[in-house]
Amino acid sequence: MQELITRAKELLENGTVSRVLGWKVGDMPYNPEPAFFDSADTLDNFVYNGFCGANLSKYMIEASTLEGKTLVFLKPCDTYSFNQLLHEHRVDRDKAYIIGVGCKGKLDIDMIKAQGIKGIKDIKGAEMSDACDTLTIDTIYGEKSCAYSKAMLARCHVCKGKEHKIYDELIGESKDTQDQERFAGVEYIESMTPEEKFEFFRNELSKCIRCNACRNVCPACSCRKCVFDSNKFDSAQKANVDSFEEKMFHIIRAFHVAGRCTDCGECSRVCPQGIPLHLFNRKFIKDINEFYGDFSAGETADGDRPLTSFTFEDVEPSIVSERG
Amino acid sequence: MSINQNEEFRPKIVAFCCNWCSYAGADLAGSSRLAYPADVKIIRVPCSCRVNPMFILRAFEKGADGVILCGCHPGDCHYSTGNYYARRRMTLLFSMLDFIGVENGRTRVEWVSAAEGVKFSTTMNDFVAKIHKLGKNVRLGDLRCKN
Amino acid sequence: MCECNCHENYNLDTLIPKVGIITGITQETPDVKTFRVNAPQGGKLFEHMPGQCAMLCAPGISEAMFSITSSPTNKEYQEFSIKKCGELTSYLHDLQVGDEITVRGPYGNNFPVDTELKGKNLLFIAGGIGLAPLRSVINYVLDNREDYGTVDILYGSRSADDLVKLEEIQTEWANAENVNVHLTIDREQEGWDGHVGFVPSYLKELNFTTDKTALVCGPPIMIKFVLQGLKELGFTNEQIYTTFELRMKCGVGKCGRCNIGSKYVCKDGPVFRFDEIEKLPDEY
Amino acid sequence: MYKIAKENLSALFRKISETMGLYLPISSAGQTNFGAWAEDADVDLTTLKTVKSAKDTFFPQSENLYTCTTEDKKITVTPEKLQEEDFVVFGMKGCDVQGIEVLDRVFLSEPVDSFYAARRNHGTIVALACNEPENSCFCNVFGIDCADPKGIADVATWDMGDFLYWNPITEKGEKLTAYLSDLFEGADDTAVDELKNSIHNIVDKLPYSDLSLEGWGGDALDEKFNSPIWEELYKPCLACGTCTFVCPTCQCYDIKDYNTGNGVQRYRCWDSCMYSDFTMMAHGNNRTSQMQRYRQRFMHKLVYYPANNDGVFSCVGCGRCVDKCPSSLNIVKVIKAFSKEAK
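One line per chain: the protein sequences are A, B, C and D, in this order. What the first sequence shows, in my numbering, is residues 1 to 324, in sequence order. What the second sequence shows, in my numbering, is residues 1 to 147, in sequence order. What the third sequence shows, in my numbering, is residues 1 to 284, in sequence order. What the fourth sequence shows, in my numbering, is residues 1 to 343, in sequence order.
There may be inaccurate statements among the hints.
[Unchecked claim] Beta-carbon label-pair distances, calculated as ranges: (1) Gln2/A to Lys336/D: 20 to 28 Å; (2) Asn226/D to Gly293/A: 52 to 60 Å; (3) Ser227/D to Pro46/B: 28 to 36 Å; (4) Lys150/A to Thr122/B: 37 to 45 Å; (5) Thr308/A to Asp310/D: 55 to 63 Å.
[Claimed, not checked] One-sided and incomplete, this derived list gives chain B residues near chain D with beta-carbon spacing under 8 Å: (6) Arg58; (7) Lys62; (8) Gly63; (9) Cys145.
[Said to hold, decoys possible] DSSO-like cross-link-like pairs, simulated, lysine-lysine; straight-line CA separation at most 30 Å: (10) Lys62/B to Lys119/B; (11) Lys150/A to Lys333/D; (12) Lys205/D to Lys121/A; (13) Lys18/C to Lys62/B; (14) Lys340/D to Lys207/A; (15) Lys24/A to Lys6/D; (16) Lys120/C to Lys75/C; (17) Lys120/C to Lys84/C; (18) Lys205/D to Lys9/A; (19) Lys286/A to Lys162/A; (20) Lys118/A to Lys6/D; (21) Lys205/D to Lys333/D; (22) Lys62/B to Lys133/B; (23) Lys333/D to Lys121/A.
Treat the hints as calculated values from the structure; they're not laboratory data. Virtual Cβ for every residue (Gly too), placed ideally from N, Cα, C.
In isolation and in its complexed conformation, chain A is listed as follows (with noise of 0.2 Å):
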């Protein structure tokens, strides 16, 4: 960490950046706050450790009307967000001074609370110079540990890799982190009956309160004003009684990002009531690869995205009923 604030610094004292886009230290040790420094002394409060789960390519939207370059952290994932930001002309390449950080996998508080170790006072083993084995908590109730692979967000499980799209330099060490298979969950979905499908989604969305926390923190959901905001559309709001609770907006949220999501899996991560909300986003990856061929958002800045492209030779829509 002490690198990358070092390097952050220099940057700024040699005019390269304006401003560096980063984490802040939170006044616990598992809540981090993106933030933007302006001078050399904010940087003390820099973090960057486990707990920096937030993808900063969001915050490169508006940063890109700043004046000035900003210095951005991009992890690999981050960085497929920020390429197809890129393609969309959101962020603007001149801007940006990216330096891709390692990553060993991001950690979600929430599943260090499951495993039952509460009243947590601190963490150790979480920074990226640990070996991100083993977590050590101090607790009220004494002293806990915990397998960091156990308290890691579930989308680290299926990590696309480390590897990152774009950057200007690379600083820190990555560690594989995938141990499961990215489409499972679709897939074990589409081995249910109708019935059991629509049980499954009836129950997940029944809880969803309506934050707008998944388009809100999502790096492909970047319309200056979304279509659920509109005045003239019934569906802005949550409202009363639907035999499928917010099924329009979770399906046309998606929709909109399909072809263009990278699975960065901000959208589970945020969502107060865990929803998997990825799995809307990864059903459309999945069926995008099997119609239209292999294709992940973000892997580059240019070329076609398959929602704005065809061949003549597509599949016809009755594939859906046809397959069984």
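Following the hints, complete the assembly by docking chains B, C and D onto the known chain A.
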């Protein structure tokens, strides 16, 4: 939601028809006196690719039991390529509806040219019959719109 | 069965509207119409005080707060002067006499016509549609003429065609006893022989004496410069009243959007004296 | 003081729901929220905090107000029925109880909101002490004792392992207790006092328990409003409504119309001051930047509300925003940032 046994189920069908081919096809079906069920409500759109997934969900929400999208045959689009985009979009949308447990067959895409009055009529008859078999749409409707 | 008495007044819940019927529409200017509203069975929907507002709603379209422009001394109907500027107002402008809307209110406080303003010389300053809330006060004052001192009305608009209630101003107000009407328009216009210039500059030209209480309403930018002008003339904050407008949904200080600091415009306002406003954070 | 064996709780729930409604923490799809009891419901009294607070039971996320039907230009307004059935909210924590008290000051002040008032009249609150408060809890800062939930609660209960201890507080609580008396046996207070002590010991050790509210309150307006700190604090805010929707005291709502095809249904639903269209109207918007909206939320809780309500804060220290904010922002960070500045 139970269906009143004494009352025959009349499905509500929304058909989005592109202005240049399918709508003309429907016209031809009409002027050739080819019958298709009155339960089909046609909404004319400039091109099949004008139909956004929200239109389809919205039709279901407001009480439609089946939604069909008709456009020019691939290659014949008035705007050259519109229906190719529509094809991809609808494929993904239908697959998603299937994924969340909506009965297969409530949605369909059919390419109908201006000369295919017969096809229009048989397609609609067939679709209505299918929806009739599937019964009322209870999974995508908004409960406030019922009764 | 429920034995409590909590349902007795529930039809009177402030969120439940009454139905009102439009009994008259006057085209005031190209984009302002005045609507006369009655209860469907005749008579007024409710009693109000000058400066109060009501929520008008076209079911399925939208609902918004409008100031009641008629005076409470009018015993037959209520009037709303509405400028076409958004979705709801456009819809209202398309309505015909005999159409129904829903109305709830009256909401908010009022100009202190029975207390602080009594016996005072009054100076009304309005810009454009800002005349709407003040008209209620002016007519109230004219109908209770003996309770108040001199009345000056300074009213300006973009053009002569945009002056709301021009006929009433010229025939009734201008001829009333001890009332001076000063009209102005922003730009020269053929057929206009009155004053040309913005309201704040005309205010300075007129050089009013400070023995008056000013009631101001108009676009925010006008209010800002009128306030400066009044200060230059020697008016104190306690001598100036204005009325606010912010987005409202409930009208009763609960939905939480029309607050400026700890004050809710719908409940604690819309009428504020400037010394009160000075204490509020600058967020309006 | 009474007690009931934990294995008899379902009999208790059954008995309550024979004659009235019953809402309690229910686990569904992995999350616990207040919901209506049913025989097959997965009742969860061990999860410390439900995701949404219990305010849902008195001020639902969405409720119909009336329906407008139009025939031949004639409009008919049919108001929605008010709550008529008695109901019990079981298992509310001290912070949530205080949250309802905060809502009372808004909805029961003139003009009274009849929809809310009817629910309050018919609702009986059975509060449950928190055995193990969590790191994000700071209710003690607002004078709440999570070991002994009182305030407007009608009954206080304690989870003592094998038994649930039950102590009626108000008349309503006595009535409910009398109705359920067959299921209870008498108990003495000593065991409960021990539990209270052990809870207090935990509270003392929690990281936020020494949070200071010095400088906040109804008089702090100008100094806080104009502080440059807001410009720093709001930056990571994504403008979502998570904090407002999980908050027990946020009461802002929106009123909307829905055209059902047989009339226009008017409903109100929770709204969030964090949303960009919250104050937007045809002629403009008085809170155009996210900084202003962010500031509004915290100023309302810590300054505006106390100014209007005898110094009572509109925060109960439940820590839900601390747990749930996607960007790890929260009211504690705001309070700390200001006290740091003051030093």
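Hint check results:
Taking the beta carbon of each, Gln2/A and Lys336/D are about 25 Å apart, inside 20 to 28 Å as hinted. Checked against the hint of 52 to 60 Å, the pair Asn226/D and Gly293/A passes, with Cβ atoms roughly 57 Å apart. Separated by about 54 Å at the C-beta atoms, Ser227/D and Pro46/B break the suggested range of 28 to 36 Å. For the pair Lys150/A and Thr122/B, the supplied restraint of 37 to 45 Å is violated, since their beta-carbon distance comes to about 59 Å.
For Thr308/A and Asp310/D, the hinted distance range of 55 to 63 Å is satisfied, since their beta carbons lie about 59 Å from each other. Taken as an interface hint, Arg58/B does not check out: its beta carbon lies about 12 Å from the nearest beta carbon of chain D, beyond 8 Å. The interface hint given for Lys62/B is met, as the beta carbon of that residue sits about 7 Å from the closest beta carbon of chain D, less than 8 Å. With a least beta-carbon distance of about 7 Å to chain D, the hint placing Gly63/B at the interface is held under the 8 Å criterion.
Nearest Cβ of chain D to the Cβ of Cys145/B: about 5 Å, under the 8 Å cut. The hint holds. In summary, the hint linking Lys62/B to Lys119/B is supported, as the alpha carbons are separated by about 28 Å, within the 30 Å threshold. Annotation: proposed proximity of Lys150/A to Lys333/D holds, straight-line Cα distance about 28 Å (limit 30 Å). About 10 Å separates the Cα atoms of Lys205/D and Lys121/A, which keeps this hinted pair within 30 Å; it holds.
About 28 Å separates the Cα atoms of Lys18/C and Lys62/B, which keeps this hinted pair within 30 Å; it holds. The hinted pair formed by Lys340/D and Lys207/A fails the criterion: a straight-line CA distance of about 38 Å is larger than 30 Å. Taking the CA atoms of Lys24/A and Lys6/D, the gap is about 46 Å. The hint is violated against a cut of 30 Å. The straight-line distance between the Cα atoms of Lys120/C and Lys75/C is roughly 25 Å, inside the 30 Å bound, and the hint therefore holds.
Between Lys120/C and Lys84/C, the direct Cα distance comes to roughly 35 Å. Violation of the 30 Å bound is thereby established for this hinted pair. Restraint check for Lys205/D and Lys9/A: not satisfied, since their Cα atoms lie roughly 38 Å apart, outside the 30 Å limit. The suggested pairing of Lys286/A with Lys162/A holds, with an alpha-carbon distance near 21 Å, which does not exceed 30 Å. Distance hint between Lys118/A and Lys6/D is fulfilled; the C-alpha atoms sit about 24 Å from each other, no more than 30 Å.
A threshold of 30 Å between alpha carbons decides the hint, and for Lys205/D with Lys333/D the separation of about 19 Å falls inside it, so the pair holds. Restraint check for Lys62/B and Lys133/B: the C-alpha separation of about 20 Å stays at or below 30 Å, so the hint holds. Simply put, Lys333/D and Lys121/A have alpha-carbon atoms about 16 Å apart, close enough for the 30 Å limit, and the pair holds.
Checked against the numbered hints given earlier, this structure breaks hints 3, 4, 6, 14, 15, 17 and 18; the rest are met.
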